[in-house]
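Peer 1: Listed here are the chains, written in short residue letters.
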Amino acid sequence: MTLERHILDSLSSGLLVLDGENRVSFINRTLAEMLHLSPEQWVGRNAEELLLVMMRFAQPLAAPRFDWPEAFGSREIEWRDAETLRYFREDSAALQPEAAGAGRVLAYHDVSHEKAVDRMKSEFISVASHELRTPMTSIKGSVDLILSGFAGETSPEMQELLEIAQKSCDRLVRLVNDILDLSKIEAGQLKLNLERLDVTEIAVRAVCAVKPLADKSDVRLRVDRPAPLPMVEADPDRIEQAITNLLSNAVKFSPPKGDVVVELTADDHWVQCAVRDQGVGIAEKDLHRIFGKFQQLSEGRRRGGTGLGLAITRGLIDEHRGSIWVESRVGLGTRFVFRLPIGSRPSPGAAELTGKAVKP
Amino acid sequence: MKLTRVLVVEDDADIQKVVRMSLKMRGVGEIVVVDSGSECIERLARFTPDVILLDVMMPHLDGYETCRRIKQDPATCDIPVVFLTARAQKADRERGMKLGALGYVIKPFDPMTLHDQILALFPGAAGGKGEKGAGGKP
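Sequences listed follow chains A and B, in order.
Mapped onto our numbering, the consecutive letters of the first sequence carry residue numbers 3 to 362.
Mapped onto our numbering, the consecutive letters of the second sequence carry residue numbers 13 to 150.
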């Protein structure tokens, strides 16, 4: 046995090589053990036969696939052997044409441990959120009721102090919501409820949601849409959340009587949504960190922001396979722009049947 | 329309008080508070409220299971159930709504508007949408 063969057999990941005619040219020992077969019997046989063997373990929809349309692909598959369920990441790469016979190489990495950690993380987020909300309910409830006068009169000083407690509690609630959202995005556990929608409707909804805040700050809101938009596939609640975040930021940083405009445009590939304000603007040195976590400008902190809004907004747009950026000039205002792709969801069979595609 | 009889199912003593005061402030005459899902089922044999406000995370019989039992019993299935819970994730809401709840209100709620929020969930109420909460998003 050659040294190369020893090396490949010692890998903890399963390895399969198919030639240009879709025949098995190599199976390492790890994959052979996963499939309970002897590698020697399989060399030279058609990959479709091997696929049938694999489907006994990776049932029913998450069968391994050898016909990746792209040069590289990666996804998770479920692997059930007797009573044991494991998760594998299947990486597939086209062999270079100069390699003997071309073809594909497929690697199977056991990611069960990572999945278990993800699950624990998700449970932790859920439990932590619940445990934080419960005492916040009592604090907020009690303070609100006292402030309402229900429990008797309060002196102006007491009133002022209770209002501080109330404001801080509301901020804490927003912070818990934001941390929960961001944790889900970062753990890849945000579930999008996709539907075909017109971003105009979502923008109008977001404007209505932010209007009370704008009225209070004497800022005018407007939606500009020169032409009807093509439909996009997106989660309406999450896109509304993204636009609402951008709008409330724009309002916070706008001078009285300022205009905040949502500009909606499209081309053949994208629907674009820009939120433009006439506020103080962002210095060039700060632009690169604006989408970071807790990277607030002082005005944002003063106005009760959590410092996570833009990080969440970027995460939400990324999840939709869109892009987001900012343009700003100090003293002239800021323009946040995001784009959503028109009709570019992955085809069923790859990511959707198995849950999610793994980001490269 | 106004709520007159409310059954509150909540295991946290402090939140029990806040809910009770919040409803009392809005003139709800009869507020019965119980600590657990099983007590709720027992109480329904002799008390028919306008609405049940049901927490989810409770020992032994949780809110989901309590709701399932209420909705399965012909004697209680018509009593509206509104979840009042700190379980704020979208999947939790969907689970609650699938069990036949009228609505899902997330903690922390606003005690000043809790009564109206619940009323708005009833069919025919203006703005009734089924899912509300001061804590807002999932």
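Hints should not be assumed to be uniformly reliable.
Claimed, not checked - No more than 25 Å apart at the CA atoms, straight line, and that leaves these computed lysine-lysine pairs for DSS-like:
1) A:Lys295 with B:Lys102
2) A:Lys123 with B:Lys102
3) B:Lys29 with B:Lys14
4) B:Lys102 with B:Lys83
5) A:Lys193 with B:Lys102
6) B:Lys102 with A:Lys117
7) B:Lys29 with A:Lys169
8) A:Lys193 with B:Lys110
Calculated directly from the structure, the hints in this document are not laboratory data.
Peer 1: The structure should be examined with respect to each hint, and the outcome stated for every one.
Peer 2: Here is how each hint holds up against the structure:
With a C-alpha separation of about 24 Å, the suggested pairing of Lys295 of chain A with Lys102 of chain B holds against the 25 Å cut-off. A hinted pair counts as satisfied when its Cα atoms are at most 25 Å apart, and Lys123 of chain A with Lys102 of chain B qualifies at roughly 17 Å. A hinted pair counts as satisfied when its Cα atoms are at most 25 Å apart, and Lys29 of chain B with Lys14 of chain B qualifies at roughly 21 Å. With a CA separation close to 22 Å, the supplied pair Lys102 of chain B and Lys83 of chain B stays within the 25 Å bound.
Only pairs whose Cα atoms come within 25 Å are accepted, and Lys193 of chain A paired with Lys102 of chain B is accepted, the gap being roughly 9 Å. Among the hinted pairs, Lys102 of chain B with Lys117 of chain A is consistent with the structure: their alpha-carbon atoms are about 21 Å apart, no more than 25 Å. The hinted pair formed by Lys29 of chain B and Lys169 of chain A meets the criterion: a straight-line CA distance of about 22 Å does not exceed 25 Å. The hinted pair formed by Lys193 of chain A and Lys110 of chain B meets the criterion: a straight-line CA distance of about 18 Å does not exceed 25 Å.
Going down the numbered hints, you'll see the structure goes against none, and every one checks out.
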